[in-house]
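Whenever a hint applies, use it, and build me the whole structure from the sequences.
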Amino acid sequence: MSGWAVTFLIVALVAAMLAFGGVPGLAVTIAQVIFVIALTAAALAGLVAFLRKTRRARRLTDDMPGRDEEKQV
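To convert, note that position 42 of the sequence shown is 42 in the working numbering; the numbers rise steadily by one, no gaps.
I should point out that these hints are in silico values taken from the structure, not numbers from a laboratory. Idealized CB from N, CA, C, for every residue including glycine. Just so you know, not all the hints are guaranteed correct.
[Unchecked claim] Here are the in silico distance ranges between beta carbons for each label pair:
| no. | residue 1 | residue 2 | range |
| --- | --- | --- | --- |
| 1 | VAL14 | ILE34 | 22 to 28 Å |
| 2 | ALA12 | VAL33 | 40 to 46 Å |
| 3 | THR29 | LEU51 | 31 to 37 Å |
| 4 | ILE34 | ARG59 | 34 to 40 Å |
| 5 | THR29 | PHE50 | 31 to 37 Å |
| 6 | ALA19 | ARG56 | 51 to 57 Å |
| 7 | ALA12 | LYS53 | 52 to 58 Å |
| 8 | ALA5 | VAL33 | 37 to 43 Å |
| 9 | LEU47 | ALA19 | 53 to 59 Å |
Okay, here's the thing in structure tokens:
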């Protein structure tokens with residue numbers, strides 16, 4: 001029984017050192033940085049997809065047969 005008590009005491013001391021040593025604060029900071037990077041990457045991917053879609057649509061309408069007649073007038 002005293003072996004288990006010593007084991008749990010050591011585990012509790014290690015957990016206390018990690019908790020009071022600033023590790024959770026560092027984890028929160030890392031999580032915030034990763035969140036901002038992921039949000040920026042998602043916004044950039046959405047913008048690129050939107051621009052590709054509008055360019056493709058513009059290219060398709062420029063290739064329409066009646067389009068040249070309007071440009072010459």
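Okay, the hints, checked on the actual structure:
{"no.": "1", "hint": "VAL14 - ILE34: 22 to 28 Å", "verdict": "holds (26 Å)"}
{"no.": "2", "hint": "ALA12 - VAL33: 40 to 46 Å", "verdict": "violated (30 Å)"}
{"no.": "3", "hint": "THR29 - LEU51: 31 to 37 Å", "verdict": "holds (33 Å)"}
{"no.": "4", "hint": "ILE34 - ARG59: 34 to 40 Å", "verdict": "holds (37 Å)"}
{"no.": "5", "hint": "THR29 - PHE50: 31 to 37 Å", "verdict": "holds (32 Å)"}
{"no.": "6", "hint": "ALA19 - ARG56: 51 to 57 Å", "verdict": "holds (54 Å)"}
{"no.": "7", "hint": "ALA12 - LYS53: 52 to 58 Å", "verdict": "holds (57 Å)"}
{"no.": "8", "hint": "ALA5 - VAL33: 37 to 43 Å", "verdict": "holds (40 Å)"}
{"no.": "9", "hint": "LEU47 - ALA19: 53 to 59 Å", "verdict": "violated (41 Å)"}
The structure fails to meet hints 2 and 9 from the earlier list, while all remaining hints are met.
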